[in-house]
Amino acid sequence: MVGVADHGSFESHRTTERDTIQAMNKEKRHRIFERLRNANPAPTTELMYETPFELLIAVILSAQATDRSVNKATASLFPLARTPAEILALGEEGLKSHIRTIGLFNSKARNILKTCAILIAEHGGEVPRERKALEALPGVGRKTANVILNTAFGEPTIAVDTHIFRVANRTRLAEGKTPLAVEQQLLRHVPKPFQKDAHHWLILHGRYVCVARTPHCPHCIIADLCEFPDKRPD
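Counting in full-length UniProt numbering, the sequence shown runs from 1 upward without gaps.
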């Protein structure tokens with residue numbers, strides 16, 4: 001998941017008036033998410049996984065990497081090791097042999113092995129469902145914890161990566177100068193019926209439609225509701 005860095009410091013950040021600007025009106029927000037839901041009723045991550053543990057490993061690997069590159073690595077890794085004990089048994093060099101095509105693979109390998117040891121020692125080999133316990137794992141910050149809580153456990157959390165940060169600010173759905181400010185605005189403003197899946201809709205919209213350099217405004221299903229002043233013409 002290429003995007004805004006996943007730092008624990010976001011947790012202690014306090015939103016101020018300078019961090020956010022008033023978001024768009026309630027009716028427009030509802031219409032935006034209604035259209036996104038109609039276009040994709042069952043959104044999910046593009047990371048390949050079968051268990052919460054596999055998702056955790058994939059998300060740790062996805063920092064500053066594409067989902068495609070992570071899926072390529074885990075397609076080699078998971079058939080051989082899909083539990084904390086099995087990954088620990090690979091050892092550092094064995095794990096690196098599967099993930100060395102991913103950026104920062106050395107530090108990620110060390111964090112994954114430490115995380116596996118903690119999961120076994122403190123959580124019975126299972127991925128915890130509590131934010132505090134998740135963020136105590138090496139390589140897991142607020143953004144990663146939000147992904148796990150939402151995608152694995154169905155919590156209405158939003159992991160603000162570069163795509164969500166861009167879409168939220170461009171559209172004025174939830175403006176903010178920091179990932180945490182945007183997250184807090186989204187949690188405050190996303191209509192309740194859409195809270196569980198908002199994370200995936202916004203990521204996918206930013207990844208494929210509201211892209212960074214040349215947004216595909218003529219093909220955007222929410223273009224008429226978007227408040228971005230520099231929309232590209234038809």
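FYI, nobody ran anything at the bench for these hints, they're computed from the structure.
For clarity, every value in this text was computed on a predicted model and none was experimentally measured.
Hints are not guaranteed to be accurate.
[What the hints assert, rightly or not] In silico DSSO-like links for lysine-lysine, alpha-carbon gap of 27 Å or less: (1) Lys-28 - Lys-177; (2) Lys-132 - Lys-114; (3) Lys-196 - Lys-26; (4) Lys-177 - Lys-196.
For Lys-177 and Lys-196, compute the direct alpha-carbon distance and say whether it is at most 27 Å. holds (24 Å)
Can you confirm whether the C-alpha distance between Lys-132 and Lys-114 stays at or below 27 Å? holds (17 Å)
Going straight from one Cα to the other, do Lys-196 and Lys-26 come out at no more than 27 Å? Status holds; Cα separation ~18 Å.
Keeping to a limit of 27 Å between CA atoms, is the pair of Lys-28 and Lys-177 held or broken? holds (22 Å)
The structure meets every hint from the earlier list without exception.
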